[in-house]
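Go by the hints and put chain B onto chain A.
Number of protein chains: 2
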Amino acid sequence: MRTYLDCIPCFFGQALRAARIATNDEKQIKRLLDEVGMMLQEISLESTPPEIGRLIYGKVREITGNPDPYREIKRESTEKGLALYDSLREKIKRSGDGLLTAIRISIAGNVIDLGVNREFDIEQEMEEVAQKEFAICDYEAFKSCLDKTEEILFIGDNAGESVFDRILIEQLKKPVIYVVRETPVINDVTHEDAIQAGLDQVATILSSGTNAPGTVLETCSAEFIELLNSSEFVISKGQGNYEGLSNEKVRIFFLLKAKCPIIANDIGVTVDDIILKGINI
Amino acid sequence: MRTYLDCIPCFFGQALRAARIATNDEKQIKRLLDEVGMMLQEISLESTPPEIGRLIYGKVREITGNPDPYREIKRESTEKGLALYDSLREKIKRSGDGLLTAIRISIAGNVIDLGVNREFDIEQEMEEVAQKEFAICDYEAFKSCLDKTEEILFIGDNAGESVFDRILIEQLKKPVIYVVRETPVINDVTHEDAIQAGLDQVATILSSGTNAPGTVLETCSAEFIELLNSSEFVISKGQGNYEGLSNEKVRIFFLLKAKCPIIANDIGVTVDDIILKGINI
Chain A
1 MRTYLDCIPC FFGQALRAAR IATNDEKQIK RLLDEVGMML QEISLESTPP EIGRLIYGKV
61 REITGNPDPY REIKRESTEK GLALYDSLRE KIKRSGDGLL TAIRISIAGN VIDLGVNREF
121 DIEQEMEEVA QKEFAICDYE AFKSCLDKTE EILFIGDNAG ESVFDRILIE QLKKPVIYVV
181 RETPVINDVT HEDAIQAGLD QVATILSSGT NAPGTVLETC SAEFIELLNS SEFVISKGQG
241 NYEGLSNEKV RIFFLLKAKC PIIANDIGVT VDDIILKGIN I
Chain B
1 MRTYLDCIPC FFGQALRAAR IATNDEKQIK RLLDEVGMML QEISLESTPP EIGRLIYGKV
61 REITGNPDPY REIKRESTEK GLALYDSLRE KIKRSGDGLL TAIRISIAGN VIDLGVNREF
121 DIEQEMEEVA QKEFAICDYE AFKSCLDKTE EILFIGDNAG ESVFDRILIE QLKKPVIYVV
181 RETPVINDVT HEDAIQAGLD QVATILSSGT NAPGTVLETC SAEFIELLNS SEFVISKGQG
241 NYEGLSNEKV RIFFLLKAKC PIIANDIGVT VDDIILKGIN I
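Same order as they appear, the protein sequences are chains A and B. Just so you know, the first sequence maps onto residues 1 to 281 in our numbering. Just so you know, the second sequence maps onto residues 1 to 281 in our numbering.
Pulled out of the complex, with its shape left as it was, chain A reads as follows (with noise of 0.2 Å):
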């Protein structure tokens, strides 16, 4: 997905709500935000918003002299998720599809993203979205996919919605290959953080390569690149990897929530729907 004009002023919010857990010192943050409006004049809106985003946070990471300003809250989350998993895990044993009921979880869990200026309660996500009609539903072409292919990658999004992500690949029955970001950036889901949310005991953990929060091809290892070009089945989760990979020729199914309008509308949907999209299928 292109940048939009839209995309702009959330860009200082983004930099501003990062730089404010970063630091306390007003004088940093101004400093921070004047360099990022010193950047706009190079940055194309033919770029996808998770490549700015990428020079944004490593702008707060520089500026601020903190490489990790979520760690905390990162680690938080995925307790909170972790909390849940018994009770979730039950839910599925009771309910008539667990497949879907495992996707409106995972789905339910993309509501845990710092990057968007939105509050958020997981358990009252979970309740929400369980009832929730989806916008786009390509949930048969996904079970006919999923039936088909030897081994699936599974491209996370955030800390904490990956111990929801685990609930789902349960379900999967399949090998995977879950995706992480190389460094951090937001919360977005890295090693450390997988291995938290206990991802090693049902998928092999690799890194994309990237320090952007999305998968930005450009930033990718040669390794994912290779591998992603030669899978047959993907799942992406949430709006970063959405917007990285929208246009990509491979077959990718996006699960995630719209919570901004721009990328809504881009999807062809409106803000607070949940999606399981697939692309050449």
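It should be emphasised that the hints constitute simulated quantities derived from the structure, not laboratory data. Don't take every hint at face value.
Same chains, same label: a pair holds when it works inside one copy or across any pair of copies.
[Unchecked claim] When the alpha-carbon atoms are kept at most 30 Å apart in a straight line, the in silico BS3-like pairs for lysine-lysine are as follows:
id: 1; residue 1: Lys143; residue 2: Lys27
id: 2; residue 1: Lys148; residue 2: Lys173
id: 3; residue 1: Lys174; residue 2: Lys80
id: 4; residue 1: Lys27; residue 2: Lys148
id: 5; residue 1: Lys259; residue 2: Lys30
id: 6; residue 1: Lys27; residue 2: Lys59
id: 7; residue 1: Lys30; residue 2: Lys59
id: 8; residue 1: Lys27; residue 2: Lys80
id: 9; residue 1: Lys27; residue 2: Lys249
id: 10; residue 1: Lys249; residue 2: Lys91
id: 11; residue 1: Lys91; residue 2: Lys30
id: 12; residue 1: Lys93; residue 2: Lys132
Positioned in the frame of chain A, the structure of chain B alone reads:
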């Protein structure tokens, strides 16, 4: 009022909204945002927000080549206000306290503010503000000062809103100087807009000399500044005038609806609150 860090993302949002009203050319709008980005490092948080707004809306005019993007919108707002004029005058006649009802009407009119990112319905606003409790209500001091003064300096805010200011001026029953912006900026009221609203029938219209979206004294005429400093009774409408005048040493009654969380916080109220607040009283 100083500028807060949170104002910075909002400046970009304001620039984007204004530019979209002025032009459909995406490249021109991107260039405008780039230039606002470059200006950022020159901007001090010690400035008031309308000082910065003045620079930004100046850039909008310069880059889009459109000296008055809101011209038609302002004309329509004033027409809508005028369409309600007779019924609101009737309402005042029927009310127990015509002055307080007129203050409420004037504050309700303050919702016609295109600098903030909000939808509004002026008739619904009239209903709501008629019922709403004031978060700050220095009405007794207002009446007492009004009794003693020989003349009122009334600093207008937005076009359309000025029709409702006219209704209040009619209830003040003292000579009024109605202050407008020197040149068009957002939908702020100018001499031309005030004439369309009929302010010349109830007041002497005077330009403050500014081209800022608020009363930024450094950009006002010597005549206006002298008048302000010698005034015993000043009414200031809206957020932009509050931001410019909140630290002055003159007796001013601020009438506004808090539409922005930063201004609401500065005043010590919450968003959507209505305020009749006197300083130096």
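Hints, verified against the model:
no.: 1; hint: Lys143 / Lys27; in the structure: neither (53 Å within a copy, 44 Å between copies)
no.: 2; hint: Lys148 / Lys173; in the structure: within (12 Å within a copy, 83 Å between copies)
no.: 3; hint: Lys174 / Lys80; in the structure: within (27 Å within a copy, 64 Å between copies)
no.: 4; hint: Lys27 / Lys148; in the structure: neither (56 Å within a copy, 46 Å between copies)
no.: 5; hint: Lys259 / Lys30; in the structure: both (27 Å within a copy, 24 Å between copies)
no.: 6; hint: Lys27 / Lys59; in the structure: both (15 Å within a copy, 26 Å between copies)
no.: 7; hint: Lys30 / Lys59; in the structure: both (12 Å within a copy, 21 Å between copies)
no.: 8; hint: Lys27 / Lys80; in the structure: neither (34 Å within a copy, 45 Å between copies)
no.: 9; hint: Lys27 / Lys249; in the structure: between (45 Å within a copy, 29 Å between copies)
no.: 10; hint: Lys249 / Lys91; in the structure: neither (36 Å within a copy, 65 Å between copies)
no.: 11; hint: Lys91 / Lys30; in the structure: neither (47 Å within a copy, 49 Å between copies)
no.: 12; hint: Lys93 / Lys132; in the structure: within (20 Å within a copy, 52 Å between copies)
Checked against the numbered hints given earlier, this structure breaks hints 1, 4, 8, 10 and 11; the rest are met.
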